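Student: Chain by chain, the residues run as shown.
Number of protein chains: 2
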Amino acid sequence: MRNAFTTKPDVAQTGKIRVLIADDHVTVLEGLAAMIGRQPDMMVVAEAADGREAVELWTQHHPDVALLDLRMPTLDGVGAIEQIRKQDGAARVIVLTTYDTDNEILRAIKAGTKAYLLKDAHREELLDCIRRVNRGETCIPASLVEKLAAGLCSESLTGRELNVLELLARGKSNKEISVNLYISETTVKTHLRSIFRKLNVLSRTEAIMVANRRGLVQI
Amino acid sequence: MRNAFTTKPDVAQTGKIRVLIADDHVTVLEGLAAMIGRQPDMMVVAEAADGREAVELWTQHHPDVALLDLRMPTLDGVGAIEQIRKQDGAARVIVLTTYDTDNEILRAIKAGTKAYLLKDAHREELLDCIRRVNRGETCIPASLVEKLAAGLCSESLTGRELNVLELLARGKSNKEISVNLYISETTVKTHLRSIFRKLNVLSRTEAIMVANRRGLVQI
DNA sequence: GCCAAAATACCGAAATGATGGTAGGGCGGT
DNA sequence: ACCGCCCTACCATCATTTCGGTATTTTGGC
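So the sequences go chain by chain: A and U.
Using the working numbering, you'd call the opening residue of the first sequence number 46 and step up by one each time.
Using the working numbering, you'd call the opening residue of the second sequence number 46 and step up by one each time.
No lab work stands behind these hints: they were computed from the structure.
Only a predicted model underlies this, so the values are computations on that prediction, with no experimental measurement involved.
Don't take each hint at face value.
[Claimed, not checked] Computed from the model, here is a short list of chain A residues facing chain U with C-beta under 8 Å:
{"#": "1", "residue": "His70"}
{"#": "2", "residue": "Leu74"}
{"#": "3", "residue": "Met80"}
{"#": "4", "residue": "Gln84"}
{"#": "5", "residue": "Pro85"}
{"#": "6", "residue": "Arg130"}
{"#": "7", "residue": "Asp145"}
{"#": "8", "residue": "Thr146"}
{"#": "9", "residue": "Glu149"}
{"#": "10", "residue": "Lys164"}
{"#": "11", "residue": "Leu212"}
{"#": "12", "residue": "Asn219"}
We treat Cβ as the ideally placed atom computed from N, Cα and C, and that holds for glycine.
Using the sequences provided together with the hints, build the complete structure.
Tutor: Printed below as a string of C-alpha cells:
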C-alpha cells in the first residue's frame, strides 16, 4: 500500500510531476494537456472523460496529482474523489470547476480535495496550484474561503426539507408538493417554515434564489 | 473593403483555414489551439481573451472562421458578432458555449452566427463544424433547432416586464419590486399578469423557472 | 428501551399573491 | 389625426402563502 511518505518511483525516474486529468469537455482536456505538457517539471500520464474512467486510470497509474472536473457523467467529481481516497487516503486531488456554489465546494472539501480551482483561473495560477499540491500543500482561493465562512454558520437541511425545496425550485405550489411527496399540505407548510428559518429568508422565491446560489438545488 | 467574393489572400498562400478563437477561459483557449493546430487544413491566427479583443483581432487578421464564446468580459459573444458583421456582413462566426438557453441561441442566430456548438461537443464535431462553416454552410445541432421551434411561438416580453422579471428572479416581493422600479404595487401586478400570460405559467415561482430556462434572466 | 431528531399533522390569523375588469397618458408609425 | 402598443394605475375578490403555537408518530443511535 502506497502512502504519503513513500518515494514515488515514477517521479524519481522522470523527475516530473505525474498528472491525471479528467473532464467531459474534450476542449478543456486538450487545453490542460497542452499547458501541462509544455512544463518541464510535469507531464500528463492519463486523460479521463468521465468519473468512472478517472477512478480506473488513477488505480492504474497512481499519479502524483489528479485534476478532476466536478460535473462529469457516470460519476461526479466528489464521487470520484471518494473512490480514489478509498484506495489512497493521501491522494492529491485538485477540483476544477466552472461553478462555485457553496455546496459543491463544501462537498468537495469534505471528500478530501486539496485544492479548488475555478475554470477561469489563469495559466500560472493553475500550474502553481499543481506544484503546490504536489508538495503536499493545499490551495483554496481566498474568495472561496470567504464563501465557506459565510455559509458554514447556517444550519443544514434535512432530507425531507431538501425534497420540498427541490419541488419548490421547480415552481410547484404547496398542494402540488404535497401530492408529489404523498404528505399533507400542512406538512409541506411545516417543512417550508423550517427551510425559511434555516436559509434565513422570508418567502419561497427568496428560498429558490438562496438554494440555487448555495448549490442545494439546480434550476 | 473586403466582401464575401474576394479571394482570401492568406488561404491562397497557406492553403489552410485561418481561425480566430476567443474565450475567457485560458484552458479552453489552449485546448482549441491544440486541436486546431494539429489539423493539416487549419491554423489559429489569433487568440482573444474577451469580446473587445476578439473584434480587434478580427479587424487585424480577417480570419476565415471565428470561434467565439458567448459569455466573455468587456463584450459578450453576441456583441462581438454584431461588431464583426458591421465590418463584414459575410463573416463566418461559430458560437461556442456551455449553456443552451433559448434566449442565447436566439440572440446569437439573430446576430448572424453560422453555427452554434456546445462546449461538450466531440472533437470531430467541432473540427467538422469549422470546415463546414468555412465552406459557407451552417451547422446548428438538431437538439437546438427543436428548442428554438418550441420557444419561437411564445410572445416576447417588453422592457419593463423584463425589469420586473429580473427583480422577481432575485426573490423580491411585489412591494419590493415596486419600490425598486419607482412604480406602484398595482402596476407591478399588472406587469406580472402579462408576464405570466406570455410565459404561460400560473405563479411567480414557475415564472422564475421558465425565465431561467429560456435565458431571460440569470439567477 | 430510551432519547433526540425528523417527519408528520392540525388550527387560526394575518399577509401576500393571483385574477378579473377597466382606463388614462405617452409615443412612434402610417 | 388616428391606431396600436406600452406603461401606468385602481378596485374588488378569491386563492395561496406565511407565521404563531402545538402535538403525535417514526426513525436512528446509544
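Student: Take the shortest C-beta to C-beta distance between Leu212(A) and chain U; is it under 8 Å?
Tutor: Status violated, d = 10 Å.
Student: Does Met80(A) meet its interface restraint, that is, does its C-beta lie within less than 8 Å of any C-beta in chain U?
Tutor: 5 Å, holds
Student: Should the interface hint for Asn219(A) be scored as holding, given a Cβ-Cβ cut-off of 8 Å against chain U?
Tutor: 11 Å, violated
Student: Checking hints one by one. Is Thr146(A) an interface residue toward chain U, by the C-beta closer than 8 Å rule?
Tutor: 11 Å, violated
Student: Is the hint on Asp145(A) kept, meaning its closest Cβ partner in chain U is under 8 Å away?
Tutor: Nearest chain U Cβ about 14 Å off; hint violated.
Student: With a cut-off of 8 Å on the beta carbons, see whether Pro85(A) makes it to chain U.
Tutor: Violated, about 17 Å.
Student: For the hint on His70(A), does the least C-beta distance to chain U fall short of 8 Å?
Tutor: 5 Å, holds
Student: Would the hint on Arg130(A) stand, with a C-beta cut-off of 8 Å toward chain U?
Tutor: 25 Å, violated
Student: Mind checking the CB of Lys164(A) against every CB in chain U and telling me if the closest is under 8 Å?
Tutor: 5 Å, holds
Student: Return the status of the interface hint for Gln84(A): holds when the least beta-carbon distance to chain U is below 8 Å, violated otherwise.
Tutor: 12 Å, violated
Student: Can you verify the interface hint for Glu149(A): is its Cβ closer than 8 Å to any Cβ in chain U?
Tutor: 16 Å, violated
Student: Is the hint on Leu74(A) kept, meaning its closest Cβ partner in chain U is under 8 Å away?
Tutor: 7 Å, holds
Of the numbered hints given earlier, the model fails hints 4, 5, 6, 7, 8, 9, 11 and 12; all others are met.
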